[in-house]
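Q: Sequence:
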Amino acid sequence: MLAKIRQRSKYYVPGISWIPNYSISYLLGDVLSGLTVGCILIPQSISYATSLAHLNPLTGLYSAAIPALVYSVLGSSRHLNVAPEAAVSLLVGQAVNAILTDYPDISHDLRTAIAIAVSTIITFQVGLISFVLGFFRMGFIDVVLSRALLRGFITAVGVVITIEQLIPMLGLVELEHQLNPESTWDKFLFILESVPHIHESTALIAFTALGALYFFWVRYIPEVLLVVIMSTLMSEELDWAGDGVAVLGSIPITHGKHFFAFPFIKRNMRFVKSTTSTAILIAVIGFLDSIVAAKQTAARFGYSVSPNRELVALGAGNLVASFIPGTLPAYGSITRTRLNADIGARSQMTSIVCSGVIVFAIYWLLPALYFLPKCVLASIICLVVYSILAEAPHDVVFYWRMRAWIDFGLMLLTFFSTVIWSVEVGILVSVTVSLLLVVHKSGKTRMTILGRIPGTDRWKPLNEDPDAAEDWPGVLIVRLKESLDFANTGRLKDRLRRLELYGPGKSHPSESPTREQATILVFHLADVEKVDASAVQIFQELLTEYQSRDVDLYMTHVHAAVREAFERGGIVRLLGEDRFFTTVSSAVAHIEMIELER
1 MLAKIRQRSK
11 YYVPGISWIP
21 NYSISYLLGD
31 VLSGLTVGCI
41 LIPQSISYAT
51 SLAHLNPLTG
61 LYSAAIPALV
71 YSVLGSSRHL
81 NVAPEAAVSL
91 LVGQAVNAIL
101 TDYPDISHDL
111 RTAIAIAVST
121 IITFQVGLIS
131 FVLGFFRMGF
141 IDVVLSRALL
151 RGFITAVGVV
161 ITIEQLIPML
171 GLVELEHQLN
181 PESTWDKFLF
191 ILESVPHIHE
201 STALIAFTAL
211 GALYFFWVRY
221 IPEVLLVVIM
231 STLMSEELDW
241 AGDGVAVLGS
251 IPITHGKHFF
261 AFPFIKRNMR
271 FVKSTTSTAI
281 LIAVIGFLDS
291 IVAAKQTAAR
301 FGYSVSPNRE
311 LVALGAGNLV
321 ASFIPGTLPA
331 YGSITRTRLN
341 ADIGARSQMT
351 SIVCSGVIVF
361 AIYWLLPALY
371 FLPKCVLASI
381 ICLVVYSILA
391 EAPHDVVFYW
401 RMRAWIDFGL
411 MLLTFFSTVI
421 WSVEVGILVS
431 VTVSLLLVVH
441 KSGKTRMTIL
451 GRIPGTDRWK
461 PLNEDPDAAE
471 DWPGVLIVRL
481 KESLDFANTG
491 RLKDRLRRLE
501 LYGPGKSHPS
511 ESPTREQATI
521 LVFHLADVEK
531 VDASAVQIFQ
541 ELLTEYQSRD
551 VDLYMTHVHA
561 AVREAFERGG
571 IVRLLGEDRF
581 FTTVSSAVAH
591 IEMIELER
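Numbering (the working numbering), first residue to last: 1 to 598.
Treat the hints with caution; some may be incorrect.
With a straight-line Cα cutoff of 27 angstroms, these simulated DSSO-like cross-link-like pairs (lysine-lysine) come out [what the hints assert, rightly or not]: (1) K10 - K460; (2) K460 - K530; (3) K493 - K481; (4) K530 - K493; (5) K266 - K295; (6) K187 - K266; (7) K460 - K493.
These aren't lab readings, by the way, just hints derived from the structure by calculation.
Please take these sequences and the hints and turn them into a complete structure.
A: And the structure:
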């Protein structure tokens, strides 16, 4: 019993397995990758918190440090880097702005307190949703969104973030606050109309930094860190702040009365209803990004990851982080995870090192970033967005070359709904269309007509074997090619009727039938391993209807479990014991004997 508990505990808490067995030979690669990604995350997390979520820079750093520590113990991926993401931070920022519009005349301190409360309760809900989904083994949701829909959404988010960041890069933040454009399209038009008001120094610094980030490269030293250090030093030396360039300013190490606070206090809970939809969207999108990143690296290095364990680990990380007021939801990143693997990470130790780097920055490096220009932070986000947008043309060309017009259309639908309306509408469209597609495909019972191979007792599908042929008109032998449930039997009657009148090929309902109605129907059920109560009920109604048309019915290759369900549901009593046969050949022999007697 004790051995079984130990074995199970290693599955549920992977840290119990890898920490005692950690090899010192992994240390160099883990430390190097942890240091590198940590140096990248410091400016990135500050950028996401300030520019996208409209929060204190400190919240972004805590959001990158705490969930990663929790994930290193509970996560099943050795390389996944967990921290705030651009799309997730944007959703939090939009939720914060939407709620603050209801409080137009409050003080700056009260606005900050509301923003912290909204972010905290969103992170708590996101963690709870992810944890519950993993606990109840709902990790299969990673197959809900198709690649085309996900690509359309991610590309649209990249465009939305780019437009959002062009405003601080051009020095138009104050003018934006005055005019308050709402939608992404409105902000795009605002930028075009505000060209005469661009702050030249801010724009020059921002685009110079962006160019340096794109072209500058030094081995083993993150270009993001170099640009941050250089721009901060130059800003202090040349007094860019005096020229009207917005800088990061002083960042207090703590905020609020307490470092830790329960996320579900009354002050936060009043925003639950207005933020639940955002939390659900973040949980879905964050998990999809995380599981894609985890599976890619796992396949590359030959180990497996569990979607359910990932949900639990990500949920637990966000739940713990929500006890620090104002933290952002944290999920895995495809680009940072890939960088982790390329540098040499071998285990979850790299997440611990990365968190240590960020905690060090919080307490010892933040004062040195006082003069860091905010437009440089916006440039860093634009560089991240570039990696998102760079993959879109490949998928567009692929869908076009494959003539996958449905996938191409779905990608465009998601893209334009996100850009023109909002990120929430884009996600809602993505999930709704994906679910409809899944239901549409699962609602089609796979079946085919069997024919005899001449001179043998073998039966093959007519549309797969050209030698297969039906023996007599009116005798239809149908093979159901999957188990039956409430989803795929709802349209069984219609699909069976089309198969009976038109055969296995494609046809339009307006065409005249190409086959005569069946007088004898044989069901081949070798592939039907299970059948639920709803399917039995629908199947019984179908058989009753065929009997009312004087169609003789037979069953072959019936599994024991299916036979038991048919007995309980009254199908055996409806047809009679003599209508069940072990093989199609024995059923056909019985039919031939009856026909000869007639």
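Q: Now, for every hint given, state plainly whether the structure supports it.
A: Cross-check of the supplied hints:
Restraint check: the Cα-Cα separation between K10 and K460 comes to about 48 angstroms, which exceeds 27 angstroms; the hinted pair is violated. Under the criterion of a C-alpha separation no larger than 27 angstroms, the hint pairing K460 with K530 is consistent with the structure, at around 23 angstroms. Between K493 and K481 the alpha-carbon distance is near 15 angstroms, which keeps this suggested pair within the 27 angstroms criterion. About 19 angstroms separates the Cα atoms of K530 and K493, which keeps this hinted pair within 27 angstroms; it holds.
A hinted pair counts as satisfied when its Cα atoms are at most 27 angstroms apart, and K266 with K295 does not qualify at roughly 39 angstroms. For the proposed pair K187 and K266, the alpha carbon gap of about 35 angstroms is over 27 angstroms, so the pair is violated. For a cut-off of 27 angstroms, the pair hint linking K460 to K493 stands: about 23 angstroms separates their Cα positions.
Checked against the numbered hints given earlier, the structure breaks hints 1, 5 and 6 and satisfies all the rest.
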